[in-house]
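Protein chains: 2
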Amino acid sequence: MTINRQWILRQRPIGDIEPGDLELVESPVPELQDGQILVRNVYLSLDPTNRIWMSDIDQYMPPVGVGDVMRGATIGVVEQSRNAAYAVGDAVTCFDGWQDYVVTGGAQVLPKGLPLPAYMSVMGATGATAYFGLLDVGKAKAGETVVVSAAAGAVGSIVGQIAKLKGCRVVGLAGSDEKCAYVVEKLGFDACINYKTEDLDAAFKTHCPDGIDVDFENAGGPILDAVMNNLAMNARIVVCGLIAQYNETGPVRGPDLTNVLMKRARIEGFIILDFLGRFEEYFAEMGPWLAQGKVVYDTTIVQGLENAVDALGLLFTGGNTGKLLVQISLEG
Amino acid sequence: MTINRQWILRQRPIGDIEPGDLELVESPVPELQDGQILVRNVYLSLDPTNRIWMSDIDQYMPPVGVGDVMRGATIGVVEQSRNAAYAVGDAVTCFDGWQDYVVTGGAQVLPKGLPLPAYMSVMGATGATAYFGLLDVGKAKAGETVVVSAAAGAVGSIVGQIAKLKGCRVVGLAGSDEKCAYVVEKLGFDACINYKTEDLDAAFKTHCPDGIDVDFENAGGPILDAVMNNLAMNARIVVCGLIAQYNETGPVRGPDLTNVLMKRARIEGFIILDFLGRFEEYFAEMGPWLAQGKVVYDTTIVQGLENAVDALGLLFTGGNTGKLLVQISLEG
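In the order they appear, the protein sequences are chains A and B.
Numbering-wise, the first sequence is residues 1 to 332 according to the numbering used here.
Numbering-wise, the second sequence is residues 1 to 332 according to the numbering used here.
Note that these hints are calculated values from the structure, not bench results.
Keep in mind that this is a model prediction, so the values were computed, not measured.
Note that beta-carbon positions come from the ideal geometry of N, C-alpha and C, so glycine has one too.
Hints should not be assumed to be uniformly reliable.
As the list claims (entries may be wrong) - Derived DSBU-like pairs (lysine-lysine); straight-line CA-CA distance at most 30 Å:
hint	chain 1	residue 1	chain 2	residue 2
1	A	Lys139	B	Lys139
2	A	Lys166	A	Lys139
3	B	Lys196	B	Lys186
4	B	Lys141	A	Lys139
5	A	Lys141	B	Lys139
To be verified - With beta-carbon atoms standing in for the labels, derived distance ranges:
hint	chain 1	residue 1	chain 2	residue 2	range
6	B	Lys205	A	Glu306	49 to 55 Å
7	A	Gly250	B	Glu331	52 to 58 Å
8	B	Ser55	A	Glu306	45 to 51 Å
Using the sequences plus the hints, can you model the full thing?
Next comes the structure, spelled out in structure tokens:
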């Protein structure tokens with residue numbers, strides 16, 4: 001009998017996630033029925049939005065139910081198959097949550113050719129988020145100045161590289177001098193601001209002398225306030241995430257909208273689910289960039305499903321560079 | 001010798017306008033040069049944006065200089081002409097500020113056919129603001145729910161009537177039961193919320209059961225906060241004005257952007273100056289509506305240039321219905 005470990009949401013966190021909010025429980029993996037496959041999860045994707053799913057605020061999906069397995073995307077390997085469409089050894093993506101094993105009748109088989117983590121970052125929803133947010137929502141054009149918060153993070157790192165390939169001036173924000181160096185030297189941004197130590201307003205005036213045309217917003221809070229003070233005419237603020245406020249317990253206030261008026265600016269939110277039908281457009285453009293070495297991507301991998309909750313915290317403390325994954329089992 | 005009274009900005013108001021911020025001074029009207037006309041101002045347009053022009057915040061025009069005549073739009077009558085393009089008695093619009101007389105080489109001659117105040121409200125920039133904001137920026141469509149703050153005001157009253165003519169459900173907000181009755185009974189809105197006495201969130205849930213598709217925002221502050229809690233998917237918040245914060249002295253915070261993300265909403269500011277080249281599109285549609293009695297407009301007229309500063313305060317206390325004008329002299 002194979003044992004499956006599952007992270008169960010026991011109560012909704014208030015502010016930071018505390019011990020007892022989630023619990024790791026064990027249960028036997030059920031017998032396969034005809035048409036089903038058994039997937040052994042290898043990588044679990046950790047994303048800021050996971051914190052939203054734990055809350056019962058109005059959101060873009062139903063929140064995870066108290067008592068349910070924590071929601072999450074995984075890449076796994078088919079260990080047993082009673083479905084002719086799947087062979088043992090196939091790598092697949094699942095959306096069945098934080099657990100060792102998935103028994104399912106359907107999962108998407110991954111292509112071959114890239115390391116598995118790439119399909120959770122640059123060649124997955126993370127990269128597509130960067131691409132459609134920047135170009136479709138933000139309508140970034142050559143010659144424009146693009147600002148990217150969480151620039152060393154999974155999405156931000158791809159946003160900036162795409163913006164550079166499209167001919168934009170790109171200024172990132174990150175939380176340490178080491179990350180800023182990485183963002184400029186390895187990712188090729190024109191500049192990167194350490195938002196923990198620099199005067200944001202002065203830094204934007206230095207690095208964005210003509211104002212900010214597109215802000216790819218992952219943070220919110222004081223960073224967004226400073227962005228609003230440095231907008232170019234007809235600026236677009238693309239709201240991809242607001243991680244600065246996900247652990248807030250009181251009422252959250254947003255940025256002063258005065259410059260939305262004065263600069264005829266647009267603040268627009270998007271959810272990558274709305275672009276699922278267009279991912280191939282993105283892969284068609286990113287594939288060659290990757291093959292030609294024009295885009296790089298990094299991954300921070302935390303070992304062990306038992307460490308998933310602690311690992312999620314890294315997103316809020318800036319402990320990761322690039323895509324954050326939990327390794328649940330070995331690939332081979 | 002004709003004496004001209006002019007309101008001079010003496011110092012920038014901090015918070016509410018105080019005595020001493022503006023001063024009414026007298027000087028002789030200069031002699032006309034060849035090519036010039038002398039205009040006797042009849043009506044002065046008062047608008048919330050006047051308060052912005054008195055501040056030195058980053059804005060869409062240079063602020064009025066300290067020591068300069070307060071900026072404002074007027075309608076006047078040509079009293080003397082040394083320019084063949086103008087006849088004595090022509091009604092013209094000027095943008096030379098809060099004063100009795102204007103000596104100028106150029107002013108736009110008004111068409112005939114409507115009372116002069118109409119050219120400062122429904123058939124002027126006020127109406128065009130309503131039209132382009134609602135339809136061009138907000139992209140309101142038949143069947144959608146439109147919310148309009150300051151619904152009994154100059155712009156809001158036109159927004160709602162246009163939205164009704166376009167097949168929308170329209171819910172206004174106003175600051176008294178009398179105004180709410182006016183908005184529903186005379187302007188034809190589907191409902192109007194008294195924002196001073198009603199629970200805004202509950203009222204929106206009652207009157208906008210499918211959520212708010214378009215918010216034509218003139219207010220900001222708590223009204224906008226409640227709007228953000230009641231957005232429909234893909235909602236558009238059109239920022240026309242933020243009068244709730246124009247007299248703020250401390251840092252201003254805006255609405256929580258969480259639902260911009262969850263509802264894939266768009267907040268977009270606009271300034272009517274950007275649409276000057278398209279006013280004829282608006283007049284072509286509004287003219288027949290007016291002629292057919294499908295749109296009504298009201299005007300609150302305060303007598304006397306000397307009362308202009310006090311009159312401006314009515315916009316912030318809700319003392320006007322429809323367009324607020326100062327009558328500087330008699331038409332005839």
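Each hint, compared with the structure:
A distance of roughly 19 Å separates the Cα atoms of lysine 139/A and lysine 139/B; the hinted pair therefore holds under the 30 Å criterion. Taking the CA atoms of lysine 166/A and lysine 139/A, the gap is near 11 Å; set against the 30 Å cutoff, the hint holds. The hinted pair formed by lysine 196/B and lysine 186/B meets the criterion: a straight-line CA distance of about 21 Å does not exceed 30 Å. A hinted pair counts as satisfied when its Cα atoms are at most 30 Å apart, and lysine 141/B with lysine 139/A qualifies at roughly 24 Å.
Distance restraint check for lysine 141/A and lysine 139/B: the Cα-Cα separation of roughly 24 Å lies within the 30 Å cut-off, and the hinted pair is therefore satisfied. Take lysine 205/B and glutamate 306/A: their Cβ atoms lie about 43 Å apart, and the range 49 to 55 Å is violated. Remark: the range hint 52 to 58 Å for glycine 250/A to glutamate 331/B is upheld by a beta-carbon distance near 56 Å. The given range of 45 to 51 Å is broken by serine 55/B and glutamate 306/A, whose C-beta atoms sit roughly 57 Å from each other.
The structure fails to meet hints 6, 8 from the earlier list, while all remaining hints are met.
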